[in-house]
Structure formats: C-alpha cells, structure tokens
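J.: Once you have looked at the hints, place chain B on chain A.
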Amino acid sequence: MIQNRPMNVKEILNKHLYPSVMDNVRRKDYPYYDTITIASGTTDYYLFTQDVGNGFLRNKKLPLTGSEVFFIEEITAYIKEPFKTEALLDKLNELLQQSYLEVIVNNRVQAKIPGMDFLSYLPTQTLGTGGQNSTQELFVRRRKLPEPILMNSNSSFELKWTIPSTASVTLDTYPVIFNLNGLQLDKLQDFYWNELKRNMFQKIAVTYYDTVTIANGNESVYNFFQDGTKAKNLQSLVLPLSDIQTFSLQAVEVFVNQPDVPIEPYTIFQSRSQNVLRIVVDDVVYYDGNIVDLLSVVAGYTSNATTAGADTFPVERYMNKRQQKVFRIPLEIPANSKVQVTLAQQSGSVGITGEITLALRGVETRRVA
Amino acid sequence: MARRRRRSSKFKLSVPSIMDVGIANIAVRVAPDLINRFVPVPAGMQSIAGAGAGFLVGHFLKKPLVQNAAIATAAVDFVVPIIEDMLGTNSGVPITNTTKMMGVKTAQNMNAMADFQRLEEYTNDPSQRMGYNQYMHFYN
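So the protein sequences, as listed, match chains A and B. Counting from 0, one number per residue, gives the positions in the first sequence under numbering that gives the first Met the number 0. Counting from 0, one number per residue, gives the positions in the second sequence under numbering that gives the first Met the number 0.
Keep in mind the hints are simulated off the structure, nothing from the lab. One or more of the hints may lead you astray.
[Said to hold, decoys possible] Which residues of chain B face chain A? A few of them, derived with a C-beta cut under 8 Å, are:
1) L118
2) Y121
3) Y138
[What the hints assert, rightly or not] Okay, the calculated bits of chain A under chain B, using three or more residues with CB under 8 Å as the criterion:
4) 139–146
5) 162–172
6) 316–329
7) 353–367
Glycine residues also receive a C-beta, built at the ideal position from the N, C-alpha and C atoms.
This is chain A alone, in the form it adopts within the complex (with noise of 0.2 Å):
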C-alpha cells in the first residue's frame, strides 16, 4: 500500500512543495546564510552558531526551533576578496582541494564534500604595468543536493568547514558566506512529524574526493581510494565499499591545480587532457577515457616567473576552467564490490608538482544505523 512504502526525503520534500487541503504548515522557498572571516591559524570554522545580531552576516542561528523544518537542497559559499596573484591562486586551489565540509545532523554524518563543490570566487587577471586593465570573472558553483538533507524540529546540527593550516595564514581576514538554501516548513499547529520512521535505508548526496600529489612528470599511475592513512580533507574514504553502504556515480570530475612553479597554464590543461581515467568495478570496466571532457584547472601565471617575489604581482593570465561529466547511465558501486579507480598520465606530463583531485558525485544509500 502507498501510504505504507517508506518514503525518502526527496519524495517527502516534493510532497511539500505543493499546498493541499489539509496541510497544517506554511511553505517558504528559504535560505539559511551565515558570515565566517579566515582567521590565521583557525582551520576548523562552525556555521550557524551566533546569534543573529547583525542582519547583513547572518539570518539563522541553528538548531531549528520545535515549529520548524528545513529541507537543505543546495549548499554554496563566496569568498569575498578576489585572487589577484599566483600566492593567491595557489591558496584558493588549496580551499578548493583541501577544504572540506562536513553538515551532522542528529550525530550523523548527513554530508561530507570537498571546497571545489560549493565555493564561488574571483580570479583577477591584470595587465599592464600599471595595473590599467583587469578581468574579473566571477565564478559561481553551488552543490545542489539530488537527495536533500532533512532538518526536523529540535535536530542536533552540526556545520563545519575546515581549510588548511597554510591557507588560513594567506587569506587571514578573508570574509566567507555560506548560503544553505531550500524549504522551510513553519508548523500551523503542534504535532510530532516524522515521515522517516520505520525506514531502513536512507539516500544522501555525497562527493567521494582524493587528492593525490603529483610525484614527477614520468609514465605513471595514480591510484585512488586506496590509502587508509591520509587525512580527512585529502580525502572522505577508502574503496571498497562497506556492507552497508551502495552508491550511485552519477558525475566525475578531475581538477588540477597550478604548480608549485607556475607555468602557463594551457600547458597544464594540454598535457593533462591526455591523461586516461579507468573505473574497473569487479573486473568489470565501466569507464575507460580521456579527461578532456571532465577537466578542470585553476591556475595563474605572471611572465616575470623568475623575478624575486614574482608570486606577489598581479597574474596576467589565469585559466578558471571548471567542468565534470555527468552519465547518463550511473554507475552502480555495490557495496562490498572490488574497485579500482586510476589516472594514467603520460611520459614528459605538466605540471609537474602539485596536486590532482578525483571528484565522484552521485547518491550513497545506507542503511539507518
């Protein structure tokens, strides 16, 4: 029978969306923002935990009270001074590579996804001696949720981002703010709503990311998900998968960022679109292919590279190129399955140093502890 089909939370949040006769709540399309600074030495940031105060920094103070409901359905945040130079450039790639952020909700682990999934910024690109000409491009991303994340009534919330030591110390005083959009629902009457009762399983979104340092630029191989000692930015977990958990890859991106030694950054997209990425999943191979398609660098470049504290001057030309690929037919991860995901790169690759990032997005289902 329908009404005894445990739902989950996205079919319960499309129910919400539109009124009926009998509904004792109000709908409002909402967002949720709240305003972090950067502080030298803080890598740990929590979200939503001031008081409101000022209007302009923030408009919530969770948790929710016992008259309320949010369905988050997109997470995204903007940094809000520009990356002028190759210093810059290369802490933004570490926010993006490194940085992480964790959404818990009734001490479970609700979301867990990389900063190049929901930061917006703004590379500079200047010219001229004097700084006359500029290009400032505003790049937006936001992390849309396929499967949402429920906050009930009185939920224990907890959001935290955490971002590198290192960059910390560059981007000291930088304001950041972090948008939570989605659905609230003010309850009209006093009632006990939950709608997940008696479910086993639970669907949420999830970033599976690593991030692999670059050795040299000889014929090699990296592997993913394999080692169990890195840490929790680098990367969200280890292959294969547990008895409980399945997940459904619905998109793949690869993201390069600039070297330690800044080059012109075409060189790196050239050199690294050659590069094969190989998904095998119980000797089956799913995905065989090149990455031009799912490629992604973030890089600057000044010509005067060599001169003393060149890292310092206005970039003259960056490469902002972002994109991932997205199946048409996911690719299903049962659980306990043996996989392996590689990047094969080339003899004589570039660039040389630095990291690379394998980004795989889809749907986990689990089962409710």
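T.: Relative to chain A, chain B alone:
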C-alpha cells in the same frame, strides 16, 4: 411450514466472487497513484481515496461485492501498520522469496544476509533508481 435452508459451511470456489474482490483490491491500490497525478493526495487520505475509488468502480459495474471488498481492503491497509507496530513485526521493506531460498541459517548470519539482500533489492528497485533526466540538472 417451510423448512429453513441451512447455509452450507463447505468451501465452494466462486470465480465471480474472486474476480470481484480482485477488482476491488486493484482499484484500492492503484487509484491513489492515479489521482495523485492530478491532485496531491496526503498520506493519511490515500486509504480513503482508494476506498472511494473502489466503491465507485463497484457502483458503475453494479457489483455490491466490489464495493464491500473495497471498503474492507482500505480498512485493512489502514489498520495493519498499527497492528505491526504493536507486535513489532514491521521491517519497513518487504522480504522477497530470495531470502527464503538461502536454506537454514543461524539467526546472526540470517540477519546479515537478509540485510545485504534487502539493500541490493532496495537500490535495484526501479522506483528507487534516479534517471538521468532527474539528476542531470543537479550538476549543471
């Protein structure tokens, strides 16, 4: 004095009755989905919508048994979760025949196998799969 005929207690297969009850069940289960495509049906109203649809079907077919069976089916669907909650027997996901084909297992590994079987069945169920048209716009 006419003799009163005693009602027989013997089982007698009645195909028309079976068909009538079947029609009522189909109407009760399918109607809420169809109605939901045009008008949202709240979760608490689906039993009533199904009963109403079955009643109307029986009325138009001129079959009182269909009408009665529709009401009984809807009432059962409404009451069963309550009884299952009281007895603690509701697993949330139906157990398919594949779990029974595993043979005799201990209680511990029966639970582990059953969970694995159900997880794969859950994710492979067409109603739980998300199609490309549904998720593509989340990544643009």
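J.: Indicate, hint by hint, whether the structure satisfies it.
T.: These are the hints, each one checked on the structure:
{"no.": "1", "hint": "L118", "in the structure": "holds (6 Å)"}
{"no.": "2", "hint": "Y121", "in the structure": "holds (5 Å)"}
{"no.": "3", "hint": "Y138", "in the structure": "holds (4 Å)"}
{"no.": "4", "hint": "139–146", "in the structure": "holds (count 3)"}
{"no.": "5", "hint": "162–172", "in the structure": "violated (count 0)"}
{"no.": "6", "hint": "316–329", "in the structure": "holds (count 6)"}
{"no.": "7", "hint": "353–367", "in the structure": "holds (count 4)"}
When each numbered hint is compared with the structure, a violation occurs for hint 5 only.
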